[in-house]
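Protein chains: 2
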Amino acid sequence: MESAEFFNVQPVAQALQTLLGHWQPAPDVELLDPREARARVLARDVHAPEEMPAFPRSTVDGYALRAAESFGASPALPALLRVAGELRMGEAADEALTPGNALLIHTGGMLPPGADAVIMLERTQTLGDDVELLAPVAPGENVLQPGEDVARGALLLGAGQTLRAQEIGGLLAAGVTHVSVRVRPRVAILSSGDELLPPEATPAPGQIRDINAHTLAALVSEAGGTPLHCGIARDDFDDYFDRAQRGHAAADLLLLTAGSSVSARDLTRAVIERLGAPGVLQHGLAVRPGKPTLLAVCEGKAVIGLPGNPVSALLVARQVLLPLLRHWSGAPPPPVAGVRAVLGSNLASASGREDTVPVRLLERDGQLLAEPVFGKSGLIFTLVGADGLLQVPLDSGGLRAGTVVEVQLF
Amino acid sequence: MESAEFFNVQPVAQALQTLLGHWQPAPDVELLDPREARARVLARDVHAPEEMPAFPRSTVDGYALRAAESFGASPALPALLRVAGELRMGEAADEALTPGNALLIHTGGMLPPGADAVIMLERTQTLGDDVELLAPVAPGENVLQPGEDVARGALLLGAGQTLRAQEIGGLLAAGVTHVSVRVRPRVAILSSGDELLPPEATPAPGQIRDINAHTLAALVSEAGGTPLHCGIARDDFDDYFDRAQRGHAAADLLLLTAGSSVSARDLTRAVIERLGAPGVLQHGLAVRPGKPTLLAVCEGKAVIGLPGNPVSALLVARQVLLPLLRHWSGAPPPPVAGVRAVLGSNLASASGREDTVPVRLLERDGQLLAEPVFGKSGLIFTLVGADGLLQVPLDSGGLRAGTVVEVQLF
Numbered sequence: 001m002e003s004a005e006f007f008n009v010q011p012v013a014q015a016l017q018t019l020l021g022h023w024q025p026a027p028d029v030e031l032l033d034p035r036e037a038r039a040r041v042l043a044r045d046v047h048a049p050e051e052m053p054a055f056p057r058s059t060v061d062g063y064a065l066r067a068a069e070s071f072g073a074s075p076a077l078p079a080l081l082r083v084a085g086e087l088r089m090g091e092a093a094d095e096a097l098t099p100g101n102a103l104l105i106h107t108g109g110m111l112p113p114g115a116d117a118v119i120m121l122e123r124t125q126t127l128g129d130d131v132e133l134l135a136p137v138a139p140g141e142n143v144l145q146p147g148e149d150v151a152r153g154a155l156l157l158g159a160g161q162t163l164r165a166q167e168i169g170g171l172l173a174a175g176v177t178h179v180s181v182r183v184r185p186r187v188a189i190l191s192s193g194d195e196l197l198p199p200e201a202t203p204a205p206g207q208i209r210d211i212n213a214h215t216l217a218a219l220v221s222e223a224g225g226t227p228l229h230c231g232i233a234r235d236d237f238d239d240y241f242d243r244a245q246r247g248h249a250a251a252d253l254l255l256l257t258a259g260s261s262v263s264a265r266d267l268t269r270a271v272i273e274r275l276g277a278p279g280v281l282q283h284g285l286a287v288r289p290g291k292p293t294l295l296a297v298c299e300g301k302a303v304i305g306l307p308g309n310p311v312s313a314l315l316v317a318r319q320v321l322l323p324l325l326r327h328w329s330g331a332p333p334p335p336v337a338g339v340r341a342v343l344g345s346n347l348a349s350a351s352g353r354e355d356t357v358p359v360r361l362l363e364r365d366g367q368l369l370a371e372p373v374f375g376k377s378g379l380i381f382t383l384v385g386a387d388g389l390l391q392v393p394l395d396s397g398g399l400r401a402g403t404v405v406e407v408q409l410f
Numbered sequence: 001m002e003s004a005e006f007f008n009v010q011p012v013a014q015a016l017q018t019l020l021g022h023w024q025p026a027p028d029v030e031l032l033d034p035r036e037a038r039a040r041v042l043a044r045d046v047h048a049p050e051e052m053p054a055f056p057r058s059t060v061d062g063y064a065l066r067a068a069e070s071f072g073a074s075p076a077l078p079a080l081l082r083v084a085g086e087l088r089m090g091e092a093a094d095e096a097l098t099p100g101n102a103l104l105i106h107t108g109g110m111l112p113p114g115a116d117a118v119i120m121l122e123r124t125q126t127l128g129d130d131v132e133l134l135a136p137v138a139p140g141e142n143v144l145q146p147g148e149d150v151a152r153g154a155l156l157l158g159a160g161q162t163l164r165a166q167e168i169g170g171l172l173a174a175g176v177t178h179v180s181v182r183v184r185p186r187v188a189i190l191s192s193g194d195e196l197l198p199p200e201a202t203p204a205p206g207q208i209r210d211i212n213a214h215t216l217a218a219l220v221s222e223a224g225g226t227p228l229h230c231g232i233a234r235d236d237f238d239d240y241f242d243r244a245q246r247g248h249a250a251a252d253l254l255l256l257t258a259g260s261s262v263s264a265r266d267l268t269r270a271v272i273e274r275l276g277a278p279g280v281l282q283h284g285l286a287v288r289p290g291k292p293t294l295l296a297v298c299e300g301k302a303v304i305g306l307p308g309n310p311v312s313a314l315l316v317a318r319q320v321l322l323p324l325l326r327h328w329s330g331a332p333p334p335p336v337a338g339v340r341a342v343l344g345s346n347l348a349s350a351s352g353r354e355d356t357v358p359v360r361l362l363e364r365d366g367q368l369l370a371e372p373v374f375g376k377s378g379l380i381f382t383l384v385g386a387d388g389l390l391q392v393p394l395d396s397g398g399l400r401a402g403t404v405v406e407v408q409l410f
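Those protein sequence lines, which keep their order, are chains Z and R. Everything in the first sequence is counted per my numbering, starting at 1 for the first residue and increasing by one. Everything in the second sequence is counted per my numbering, starting at 1 for the first residue and increasing by one.
Incorrect hints may appear among the rest.
Partial selection, computed: residues in chain Z whose CB lies under 8 Å from chain R [claimed, not checked]: (1) Asp194; (2) Gly206; (3) Gln207.
Calculated from the structure, these hints are not laboratory results. Each residue gets a CB set at the ideal place from its N, CA and C atoms; glycine is no exception.
If we strip away everything but chain Z, and leave its shape as in the complex, we get:
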């Protein structure tokens, strides 16, 4: 009866490598205003269409002047210039500064022709229509030269960059109002199981509500994808295959969650094999939960068969789906996998298997403590109390309390 469930498990990283060897997604690119592209990933390098700044700018509030006229100035022996007026923000400084004169200028203001430096207000003293310089300034001091920030044609942002507030600002500052970003991956989600009903239904005895479709949709949205719901397949090959095929056709990735019985799990494998070549690449991951996971590529699209148990489905999807979606977008892995914390209790684990353990994080004596959240396997509420997940490594027989661990926040 269990025979169909004997499979050669592989570590997640290795199984993903196998899958990526058969999956070369070439996502479409769309042209968006950076203001509409938060959290999207650049598909192409962006070069500066113009130099920044476009004109010589003051970096302080002060007086624009000829530096040479300040040389030798000191509090004891100030240099004296006539204040010829004020350079107003937003106005072009057209008229040249004539010798013996200075102009009041604000941070970001444009230097007039003839001026080559700005002296800070704090180093001056007004004297009627004149200004006393209490210190010398060097040519170029407190001035940003045209192109000093960004030269025309310079690389502003590279392909693969995720757009955050600062990248959006940088693009707009340079006058880039359209960027090429990868389209969002469409992820079809199909649950299977004769016992499943949609959440709005009232289950009869023996039935339960399907939640996998919705926890996985939330995960897909969180990762920047678009979930496509394919409903609930009966434990019947034709219904299951028909829905899976439609999801496969409409989406870039397909997520299936198997029914609970062994035969229902076999059905998932059979459905995937029928979706096309090369089919199932790996059946079984060296993880807990999530061991009976299937990784497949069918006709150029990634297909993941997840366990039906809601906790297993969600935790293994985080490990498998998130890297695949990152691969799709071309974004590099994040610089940090998680936060470091001290394990609060001993954790047993079988060697040769990577356990994912939900933990709550607590601050104690200035130390961050990771306390495992135990709960009945399968009960989604176990994860409600968790702040993050920790992985017990493949080659460890468990972890002792006091070990420093890395916790992936969620």
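We have chain Z; now place chain R onto it with these hints.
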């Protein structure tokens, strides 16, 4: 000239406390399907409308039986039961199990009346129409009793809980298809400055594109708020006040970014004072960048006057706006402020001031290193290279290379 800029700076935490003493937002609540409420915050406690599970469920694949009939069974002396059939997933187990019989049951399947335990498949052996039990099971073994996960009326999730995949799943599992969540805060954003143009315009000499409105809008969206754009105000009281008043009326919070000149900054303060009582509560924060920030409450709405410099505006908004939006939603602070890393270079800082330093994170010799990203103040591209921010504490004269610091990722 600088006289208007002398103010009594306060640490951010203290200034926020002052503001919160005058700001008691009472956000509206909306009723949403949990599937549409990802990342939203519950406004009320949610109790279980029904017990979970609703029927006795098997937690394994095996045979449902009367436990007493397995007592004393061993591989040497197996107990024998007749397999009366299979309990199919999703079907109610109406018919009582009669003595001497067992029923094949799948994980999650419903126990029939008369059965009080499930023996795992692995501890059985089929023998024609019979099954040999190789071990005893205790009454209740491998069975989840009705209400054992969640009792009817039990607290499922508390007010203030942010809805992640697992909370959405938990709610749907319990049949909760509507929850009360806080509405998204509307944040009006108004830039000011005669030198500013919208990003799509081509600046003439002396002019630059306004990016603060858009970096701040991205920050607001990231934090779950809705940005409302109020355009660009001239450095003119009437135009500035008119736009600010409209933003104030339409939104729950108002963000202003001041023009660059001292007089433009004074204008921001004057506009805020005119918006209503109690007006400006704090002018000046003990931070760098961001010192000339204004915190105000006007007619029950929080108003923040940010510096015009794009880096300053974005960094101080992260420190001030994010806690205010969290206060609005009622969500507790996150369990972890950031990741710990080792500082890669010495950092000087003035005591009595909290410096925010953008850092890049690098993995070196298994250690996470935080390398400060230096750049000209005001250049938004400085932040493009950064993975996070570190705060140099108020009471420190700087930090030495090798110090363990906490980096807030962004």
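Results for each hint:
no.: 1; hint: Asp194; in the structure: holds, 4 Å
no.: 2; hint: Gly206; in the structure: holds, 4 Å
no.: 3; hint: Gln207; in the structure: holds, 5 Å
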